[in-house]
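Undergrad: Single-letter residue listing:
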Amino acid sequence: MNTIQFLMDGFGIAFQWQNILFAFVGVLIGTAVGVLPGIGPMSGVALLIPVTATLTAGLPTEAAAASSIILLAGVYYGAMYGGSTTSILLNTPGESSSVVTTLDGYQMAKQGRAGSALSIAAIGSFAAGIISLIGLVLLAEPLSNVALQFGPAEYFSLMLLGLAAVSGLAGKSMTKALMMTVFGLMLGTIGIDAVSGIARFTYDIPVLYSGLEFLTIAVGLFALGEVFKTVLERDHEDGTMAKIGRILPTRKDLKESAAPIMRGSFLGFFIGVLPGAGATLASFFSYIGEKKFSKTPEQFGKGAIAGVAGPEAANNAASGGAMIPLLTLGIPGSGTTAILMGALIMYNIQPGPLLFDDHPEVAWGLIASMFVGNLMLLVLNMPLVKVFAKIIQTPKKYLLPIIIAISFFGVYAVQYTTFDLYLLLACGVLGYLLTRNDFPVAPLVLALVLGPMIENNMRRALTISNGDFSTFVTNPISLALLIVAAAWLLVPLLLKLKGRSVVLNEEG
Amino acid sequence: MSKTFDRFAGIAFLLIGLLFVIESQRISESSYGSAVGPDIFPIGLGAVLILLSLRLLYETFRYQADTQKGEPVLYKKFIVIFVSALLYAALLEPLGYVITTFAFLLVAFQTMERGKWIKSIVIAGLFSFGVYYFFAEFLGGSLPGFPVFL
Numbered sequence: 267m268n269t270i271q272f273l274m275d276g277f278g279i280a281f282q283w284q285n286i287l288f289a290f291v292g293v294l295i296g297t298a299v300g301v302l303p304g305i306g307p308m309s310g311v312a313l314l315i316p317v318t319a320t321l322t323a324g325l326p327t328e329a330a331a332a333s334s335i336i337l338l339a340g341v342y343y344g345a346m347y348g349g350s351t352t353s354i355l356l357n358t359p360g361e362s363s364s365v366v367t368t369l370d371g372y373q374m375a376k377q378g379r380a381g382s383a384l385s386i387a388a389i390g391s392f393a394a395g396i397i398s399l400i401g402l403v404l405l406a407e408p409l410s411n412v413a414l415q416f417g418p419a420e421y422f423s424l425m426l427l428g429l430a431a432v433s434g435l436a437g438k439s440m441t442k443a444l445m446m447t448v449f450g451l452m453l454g455t456i457g458i459d460a461v462s463g464i465a466r467f468t469y470d471i472p473v474l475y476s477g478l479e480f481l482t483i484a485v486g487l488f489a490l491g492e493v494f495k496t497v498l499e500r501d502h503e504d505g506t507m508a509k510i511g512r513i514l515p516t517r518k519d520l521k522e523s524a525a526p527i528m529r530g531s532f533l534g535f536f537i538g539v540l541p542g543a544g545a546t547l548a549s550f551f552s553y554i555g556e557k558k559f560s561k562t563p564e565q566f567g568k569g570a571i572a573g574v575a576g577p578e579a580a581n582n583a584a585s586g587g588a589m590i591p592l593l594t595l596g597i598p599g600s601g602t603t604a605i606l607m608g609a610l611i612m613y614n615i616q617p618g619p620l621l622f623d624d625h626p627e628v629a630w631g632l633i634a635s636m637f638v639g640n641l642m643l644l645v646l647n648m649p650l651v652k653v654f655a656k657i658i659q660t661p662k663k664y665l666l667p668i669i670i671a672i673s674f675f676g677v678y679a680v681q682y683t684t685f686d687l688y689l690l691l692a693c694g695v696l697g698y699l700l701t702r703n704d705f706p707v708a709p710l711v712l713a714l715v716l717g718p719m720i721e722n723n724m725r726r727a728l729t730i731s732n733g734d735f736s737t738f739v740t741n742p743i744s745l746a747l748l749i750v751a752a753a754w755l756l757v758p759l760l761l762k763l764k765g766r767s768v769v770l771n772e773e774g
Numbered sequence: 574m575s576k577t578f579d580r581f582a583g584i585a586f587l588l589i590g591l592l593f594v595i596e597s598q599r600i601s602e603s604s605y606g607s608a609v610g611p612d613i614f615p616i617g618l619g620a621v622l623i624l625l626s627l628r629l630l631y632e633t634f635r636y637q638a639d640t641q642k643g644e645p646v647l648y649k650k651f652i653v654i655f656v657s658a659l660l661y662a663a664l665l666e667p668l669g670y671v672i673t674t675f676a677f678l679l680v681a682f683q684t685m686e687r688g689k690w691i692k693s694i695v696i697a698g699l700f701s702f703g704v705y706y707f708f709a710e711f712l713g714g715s716l717p718g719f720p721v722f723l
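For the protein sequence lines, the chains are B and D, in the order given.
Quick note on our numbering: the first sequence kicks off at 267 and runs consecutively.
Quick note on our numbering: the second sequence kicks off at 574 and runs consecutively.
Take every hint as true, because none was put in to throw you off.
Just so you have them, the derived chain D footprint on chain B, three or more residues with Cβ under 8 Å:
{"no.": "1", "region": "316–328"}
{"no.": "2", "region": "440–447"}
{"no.": "3", "region": "457–464"}
{"no.": "4", "region": "487–498"}
{"no.": "5", "region": "672–678"}
{"no.": "6", "region": "715–729"}
Result set (DSSO-like, lysine-lysine): computed pairs, CA atoms no more than 30 Å apart in a straight line:
{"no.": "7", "chain 1": "D", "residue 1": "Lys-650", "chain 2": "B", "residue 2": "Lys-656"}
{"no.": "8", "chain 1": "B", "residue 1": "Lys-652", "chain 2": "D", "residue 2": "Lys-692"}
{"no.": "9", "chain 1": "D", "residue 1": "Lys-649", "chain 2": "B", "residue 2": "Lys-495"}
{"no.": "10", "chain 1": "D", "residue 1": "Lys-689", "chain 2": "B", "residue 2": "Lys-656"}
{"no.": "11", "chain 1": "B", "residue 1": "Lys-656", "chain 2": "D", "residue 2": "Lys-692"}
{"no.": "12", "chain 1": "B", "residue 1": "Lys-652", "chain 2": "D", "residue 2": "Lys-689"}
{"no.": "13", "chain 1": "B", "residue 1": "Lys-663", "chain 2": "D", "residue 2": "Lys-689"}
{"no.": "14", "chain 1": "D", "residue 1": "Lys-576", "chain 2": "B", "residue 2": "Lys-764"}
{"no.": "15", "chain 1": "B", "residue 1": "Lys-656", "chain 2": "B", "residue 2": "Lys-568"}
{"no.": "16", "chain 1": "D", "residue 1": "Lys-649", "chain 2": "B", "residue 2": "Lys-663"}
{"no.": "17", "chain 1": "D", "residue 1": "Lys-689", "chain 2": "B", "residue 2": "Lys-495"}
In case anyone wonders, no lab produced these hints; they're calculated from the structure.
Every residue, glycine too, gets a C-beta built ideally from N, C-alpha and C.
Assemble the whole structure, with the sequences as input and the hints as a guide.
TA: Here it is as structure tokens:
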């Protein structure tokens, strides 16, 4: 069967009524998550894992996995659409990837062109979503074929590269990011060792034998961490909301933003494919690029529509591009994709090159549903943008306790132990303290997911080579990957030494 | 960034790293005949974490005095919510989901902002009953609904 055939089968799955519903719920919640400042895509996805797990409990494993991942991915790219709304209307970015949208978007809103800005953002996101999906369809097969040739040594180095990329770009201090990565890897070693069956660091405590549950830690660090932050440091909800006015963009607006959308889409897609560099970086580069391309750069910062169209397209394309390493290589490039991967593993489905052969319905169903979901988002965001703008006004005093209650429910309904609830609360406090002091938590979660795989591949490679560590550097592909990984850590350091400011990726 | 926190974190992670290295020695030998047992990876990680923590401690001596964030921190609210969340976790199994969730939400709503009791009670009630019935009755999930002694 060829790619087209697989894609058609994927559409067959995406058009099952429950999956249409799941995609719809996913993008709807995603948009809300994007609109609400304080809840990012990462905590949104983490919070919904338990909910989807219970919703799909009656289905056979594979169908359940496909449905869940359709919903969760919907939240992920839906949040990219929603993030622009608050940037434009309130000058407060809902996500870090929409920070640059505030520069011109809010200016447009002040001039009474909020509607145009919002609809261009939605159209740009849609175009970018479709372009990145086409890229995903075209690249999925060849990339997974390449990855199939990989042995344990190559895999080990590839995963190290993923971790290095995320740590190298996350947060202000690389030392702290690396510490978080190593700490995450360590937490991953708790429990029964998969290779030898020996219990490690369990101290005869029964709940520890299965290891620390990834879900509990992710929900605690992200969702509860953010809730605690908002409780402790009252967010200033200043700024008046701009009137939306006319929603459809004018012909002139469309004409001016067509090229930036195309450029933003391609740029965002390629940045998204790279591990570590995510939507935030993509939107940032797109903005700089558009300013250079523009015939009237002085308009930027004063309400240039290209400054909204380009970055919004880029951040959406990046979220599509980020699915490629996750699905084809089994390596998440960001915090959010790490959580998506954790969700797949919960269903005993291992993302990676074999995914397309072993579970075509999950892989292609997801890809097809993303086409459907993007279309839904366009429809949702154009006429309903005024409704979503209302969500911003949800009072925090009700929202925050309910988020805590949802995380409790989610964790308990999946784990059935009170231990996980205490762990959840502890992770919440830890997440708050760490984030507040510039210890990025995204690398921790990524490392926790990748840890067991890294270790297994390392030990398999060493077993093959009879304990000879040089196997990682004598294998050419593995060596190349290790060199890239080292470069990823060293280049920002060297740039810093030279006094250049380094663009940081604070998105998860 | 806070220098005190960084130093504290540096020392804490240093100890965690040390603990990992020491405790890894106690992991039993692999019977699986491989040169690389289950202890290599944790030992390596522990060693790297120790080095990184030392590096962080070294960095804290290099940068200038910390610029305090001017954010007022509302400890009181947080402590009330955190303690009620702890009680929520502890009482969830003996008292059941509905009662504990309702009580937790009510306390938390009122801690966030006093007043509007009726609205708080309605929202807390809707959420706790709604989630329980949707999950346990409609979806057939298992959740301790009500106190065991009832």
